[in-house]
Structure formats: C-alpha cells, structure tokens
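**Student:** Please take these sequences and the hints and turn them into a complete structure.
Protein chains in written order, with this note's numbering: chain A, 247 to 642; chain B, 4 to 118.
I should point out that these hints are in silico values taken from the structure, not numbers from a laboratory. Since no wrong hints were added, every one of them can be taken at face value.
Straight-line distance between alpha carbons at most 25 Å, and here's what the computed DSS-like set of lysine-lysine pairs gives:
hint	chain 1	residue 1	chain 2	residue 2
1	A	K420	A	K616
2	A	K574	A	K526
3	A	K526	A	K512
4	B	K92	A	K403
5	A	K562	A	K530
6	A	K481	A	K619
7	B	K67	B	K9
8	A	K530	A	K566
9	B	K67	A	K368
10	B	K67	A	K403
11	A	K485	A	K287
12	A	K403	B	K90
13	B	K96	A	K403
14	A	K574	A	K420
15	A	K574	A	K619
16	B	K41	B	K9
17	B	K47	A	K403
18	A	K557	B	K92
19	B	K47	B	K67
20	B	K41	B	K98
21	A	K530	A	K556
Nothing here was measured: the structure is a model prediction, and the numbers come from that model.
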Amino acid sequence: MRQVAIIGAGMIPFGRRDEDSLLDMLAYASLNALDDAGMGKKGVDAVYVANMGAGILQHQTSVASALVDRLSLIPAAADAVENGPASGASAIKNGVLAVASGYYDYVLVAGGEKMREIVGWKATDFVATMTHPEVEYPYGVTLPGMAGMFTRLYMEKYNLTRDQLIAVAIKNQKMGALNPYAHVEMIITREGIVDDPDSVVNNPMAADPLHLYDMCPVSDGAAAVVLCSLEMAKKISKKPPVLVAGFGQATDTHTLQERDDPTDLKAVTLASNQAFEMAKLTPKDVDFAELHDAFTILEIAESEHAGFFKKGEGGKAVEKGETSLGGKFPINMSGGLKARGHPVGATGVAQVVDVVFQLRHELGKDRQVKGAKTGFTLNFGGFGNNVVAFVLRRAE
Amino acid sequence: MTDELKITAYRCKKCGRIHYPFHDRCLDCLERDFEEIKPEGDAKLLAFTEIYNLPWGFDVRTLKIGVVEFSNHIKAMGQIQIDDFNKLKTGMKLKTFWEPVRVQAGEDVFGLVLR
Ligand SMILES: [Zn+2]
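**Tutor:** Written out as structure tokens, the structure is:
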C-alpha cells in the first residue's frame with residue numbers, strides 16, 4: 247500500500263447560508279481545496295462526496311455526479327458516501343484506500359449538508375431517522391435524547407459533573423469566536439449560561455440533564471480535501487503535505503440498550519486503536535485532537551475512550567484547562583461541532599481540514615497548537631454505532 | 004399486564020443471549036435459531052431523559068423517554084408518563100402499558116408506555 251497525503255484542504259464558513267444550494271457549497275469548498283493543492287486545471291481521478299440528507303432535505307439524489315458536473319471534473323469517477331454524521335470521515339477513508347491501493351492517483355473528497363432551510367422540528371426528525379425504525383424512532387427519541395440518557399449514566403458511573411460539561415461549551419465557543427469558518431462566534435461565560443437568573447431562559451433544558459448550550463447548532467456548510475500519494479505530494483506540493491498515518495473504523499449495536507455497558511463506546515476505542523496501530527503511534531504521541539462534540543458529553547467521553555485520558559478523568563482535564571490552547575492536550579481548537587457547527591455530511595471532512603491547518607502551522611497565535619506534528623480526528627456516527635478515526639502527521 | 008405488550012424478543016437457542024430488536028444472527032455466537040419470548044415481570048428503569056425539542060408527530064410540550072429491563076432481561080425503550088420528572092430514579096420499577104405513542108399519517112402508532 248502507498249502512503250497517502252493530504253495536499254489540499256478547504257472549507258467555507260459554516261452557518262446559515264440561505265443564498266447557497268447544497269451544490270454551491272460543495273463546489274466552493276472543493277475549489278478552495280483544489281486551489282490550496284495548486285491543482286490548477288489538472289483533473290482528479292475520483293471524487294467522493296459525503297452527504298447524509300440531500301435525498302430527504304433537498305429532494306435531491308446523486309450529489310456526487312452533480313458535483314463533478316459543476317466542477318467540470320468529468321470523466322472522473324464519482325461516488326456519494328452516506329454514513330450518517332460520520333459520512334465525512336467515511337468518504338475520506340474511501341479516498342485514502344483508493345489512493346493507497348495505487349488505483350487512483352488524485353482524489354477529491356468533499357462533504358456538505360444544507361440543514362437550515364427546513365424548520366427545526368423537521369431537522370430534528372431528519373437526524374432522528376438514524377435511530378432504530380421499530381424500537382426507538384416511534385417513541386420520539388432524538389439524538390439529543392440519546393445523549394441525555396447517556397450523560398446521566400456517565401454522571402452516575404464516573405461522577406462527571408455539569409460544571410465539566412459547561413467547561414467544554416465555554417472552551418469551544420471561545421475558540422469558535424476566533425475561527426473565521428465557525429458558525430457560532432459568541433463567547434459565553436459561566437455567569438451568562440448558569441449563574442444569571444435569565445439563564446433558565448437563555449440556556450434552557452434541552453434533553454435532561456443536557457441544556458441548550460450542551461448542543462451543537464444546526465448548520466449549513468461544506469469542506470473538502472485533495473489526496474495523492476506521499477511520494478507525489480513531496481514532489482508537487484508547495485505546502486507541507488500531511489500524511490494520513492493511520493485510520494480506523496468500527497461499528498456497534500444500533501440501539502444503546504443492546505450494549506452490555508451503555509456507557510462503553512466500544513466503537514470509539516476500536517476505531518482509535520486501529521488508527522494508532524496503523525500509525526505505529528500511541529495516544530501519547532498525539533499533540534491535539536478534533537473530537538465529535540455534537541454534545542459536550544461526547545468530547546469528554548471520546549477523549550477517554552480514544553485513550554487520551556483515563557475513564558473519569560476527561561472531565562477533570564477540561565476543568566483544569568488541560569484541553570485548552572497551551573494545555574497538555576488541546577481539543578477542538580476549531581471550536582468543535584459546538585461552535586464550528588455541524589452540517590452533518592461536512593463535519594468529518596472539516597475536522598480533517600482543521601487538523602491540516604494546524605499541522606501546516608497556518609493559524610494565528612490564538613488558535614495554533616505550537617509546533618504541532620501529530621493530530622487526531624474522531625467522527626461519531628449514530629449514537630456511537632459507526633465511528634471513524636484518523637491519525638494525521640506533518641510530513642517533513 | 005405484560006401479556007398485552009406487543010413486544011417480541013428473541014432468545015438464541017444456542018447461547019441464550021436475548022435480542023430486542025431482531026437480528027438475523029445471534030450477536031454473540033452467530034447462530035440463527037431463536038425462541039420468541041415476551042416481556043415478563045417488573046420493568047426496571049435503566050436510563051431516562053426528558054426531551055424538549057420534539058420531532059414531527061407529537062402534540063405535547065416535552066417527551067419523557069426511558070429504557071427499562073424486564074425481569075426476564077428483555078430491554079426496551081418506552082415513553083414515560085409521569086407528572087414530575089424529578090421523581091424518576093435509575094433502578095425504580097415502572098408499570099407497563101401498550102398505548103398510542105405518536106400519530107403517523109393520521110393513525111395512532113402504539114408502543115410501550117411506562118408509568
Ligand atoms: Zn447465541
């Protein structure tokens with residue numbers, strides 16, 4: 247297998263983008279990535295498009311064929327990848343395999359989602375379609391609802407506190423405010439969302455025990471990367487190529503109730519371990535991570551299940567500032583899903599884009615992890631029933 | 004009361020693992036022979052939440068959702084109907100009913116209700 251590198255990364259600001267169609271967003275992000283890679287008028291061999299909901303939300307299918315048409319990348323091979331909120335990382339994994347095999351030399355991976363044009367309850371219902379159609383969905387359970395149940399169990403088992411969840415929200419919104427691509431650019435304080443009497447109004451309960459500020463927003467957005475072999479990347483890339491050192495993907499039962507221990511996110515551990523093994527590295531070798539904090543609880547639980555902290559220690563680490571910029575293991579310096587936003591099909595690609603920016607040392611002092619050499623991403627599908635992880639390294 | 008619940012779980016004839024929902028092969032031993040079983044006895048609350056942002060099809064302000072385990076170890080999700088959410092505690096026993104849980108295309112959809 248060939249070693250695979252990322253030579254181009256691009257995205258567009260996430261948020262509410264009423265003026266853009268899903269295809270507009272995918273095209274803009276793709277052009278940013280192709281330009282970043284210096285591809286000029288050079289074509290690619292294949293395009294993978296990550297998207298979860300165009301069939302439901304836009305009444306549009308075959309988005310990958312539509313994107314190659316928009317970009318005049320014809321006759322490149324084109325496939326759409328739907329793996330719920332982990333579609334983005336799944337699509338990149340497929341692109342990496344295609345280049346690693348030697349079959350394709352240049353691959354574009356784009357992820358996008360347009361979710362804001364529908365009303366809130368429809369968006370909630372759309373996301374809930376990934377729950378079990380017979381034994382979960384009919385009851386009205388939502389992904390926030392699953393996260394609420396999980397959070398209470400985690401609190402009971404590991405003494406996780408609400409203060410620790412709040413610390414995740416405050417940290418990530420602070421970083422989001424510094425990220426020009428982030429959906430939410432508002433700094434929040436403990437006073438504002440907890441102590442103030444108005445906090446019951448501005449930070450209401452959403453899925454007990456989780457509050458509004460424990461949730462990521464519903465966003466429009468797109469992100470893209472360009473892949474080629476490391477050998478080729480070293481010859482043509484003007485920017486430091488980023489090596490896809492390792493990846494992993496694992497699944498778990500569809501329902502939480504069929505897991506022996508519902509607080510054990512086995513697929514997170516398995517996917518992470520696979521990625522570390524392939525990279526011949528351990529969690530200790532990683533400088534920073536972009537984790538899937540669709541809910542504040544997930545950042546903490548994933549940081550533990552991926553091996554960066556012991557079980558029960560991840561929450562304390564956030565409170566002590568260990569996961570902030572300058573701490574021993576910065577997490578979500580992009581603002582995470584919490585602030586960057588969560589256009590579901592785009593998220594896994596955006597996480598990788600943010601790690602590429604970090605590894606190329608392109609960010610301002612207020613977000614750049616000093617001397618970053620190795621980063622990690624975790625894209626979490628369903629409620630942990632399909633998880634994809636990457637270990638990425640700056641290639642010197 | 005549990006007789007009325009239209010819940011069918013599947014016990015692996017080889018290793019005894021209980022499945023709900025159905026799987027074509029046992030999660031543990033991959034055998035394909037199952038015995039159909041029904042929930043028996045009390046329902047013990049394992050996990051719960053109250054949801055404030057509801058999807059389409061619900062004519063209520065919030066939904067209380069829980070996962071219970073019956074005496075014969077079938078685990079199932081249901082809607083909790085209790086006035087005071089704060090009275091819910093992990094491990095408590097709840098009574099079970101098979102009643103409408105939502106409306107879809109103008110029709111009642113029945114499911115597990117916990118009180
Ligand atoms: Zn079995």
